[in-house]
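Chemist: Using the sequences plus the hints, can you model the full thing?
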Amino acid sequence: MKNQIFSGAFLFILIILASNWSIEAQTCKPSGKIRGTKPPKGQCNKDNQSDCCEKGKLYTTYTCLPWVSKRTKATLTINSFQKGGDGSAPCECDNKYHSDSTPVMALSTRWFKKRSQCLDGIIIHGNGRSVKAKVVDECDSTVGCDADHDYCGSKFRPTRIFAKDSFVFSISLSS
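According to mature numbering (1 follows the signal peptide of the UniProt record, and there is no 0), the sequence shown holds residues -25 to -1, 1 to 150 in order.
FYI, nobody ran anything at the bench for these hints, they're computed from the structure.
Certain hints may be false.
What the hints assert, rightly or not - Each computed PhoX-like pair below joins lysine-lysine, with the alpha-carbon atoms no more than 20 Å apart:
#, residue 1, residue 2
1, LYS71, LYS109
2, LYS71, LYS89
3, LYS58, LYS32
4, LYS16, LYS71
5, LYS71, LYS32
6, LYS8, LYS30
7, LYS109, LYS88
8, LYS58, LYS30
9, LYS32, LYS13
10, LYS89, LYS109
11, LYS30, LYS16
12, LYS71, LYS58
13, LYS58, LYS109
Claimed, not checked - Distance ranges between label pairs, derived from CB positions:
#, residue 1, residue 2, range
14, GLY59, GLY7, 37 to 43 Å
15, LYS88, ALA64, 17 to 23 Å
16, GLY31, ASN70, 18 to 24 Å
All C-beta atoms, glycine included, are put in the ideal place defined by N, C-alpha and C.
Modeler: Structure, rendered in structure tokens:
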């Protein structure tokens, strides 16, 4: 009888662990493409190593994101939220621009949760250091070749590796 209880408990724990591993291992597959358009003269901002859209080039889009936990590993890309920076439009949460010396960030669509994370504090951990940043915008991986995104190709892949100007970090919700 004890062996059956032990075997049942062991099997239950094994199933739980296996399901958690499969959730953490989820990756996103491309969901579509957008065709690049030639930006108007002087409208493509190449700050922070952004690439300008090329007319006719197909850019991959993603509508999914991997599972999110309280401390999820992710990838950070550097962007400017200042007026005239590579973000171009005012931030979605407060319709304002933010100085590059202010710790603010954009969250990928799933993490942004239809603005429910707006102005919340997020702790970014990387390279042995941490910083608290305020969520001010959404990083939408389905667009890129338009005025709101400075005619930059979609460089945001919603997995752990987004782009060449990225480094791995983890985030956790702050209180």
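Chemist: Mind listing which of the numbered hints don't hold for this structure, in increasing order?
Modeler: The structure breaks hints 3, 4, 5, 8, 14, 16; every other hint is satisfied.
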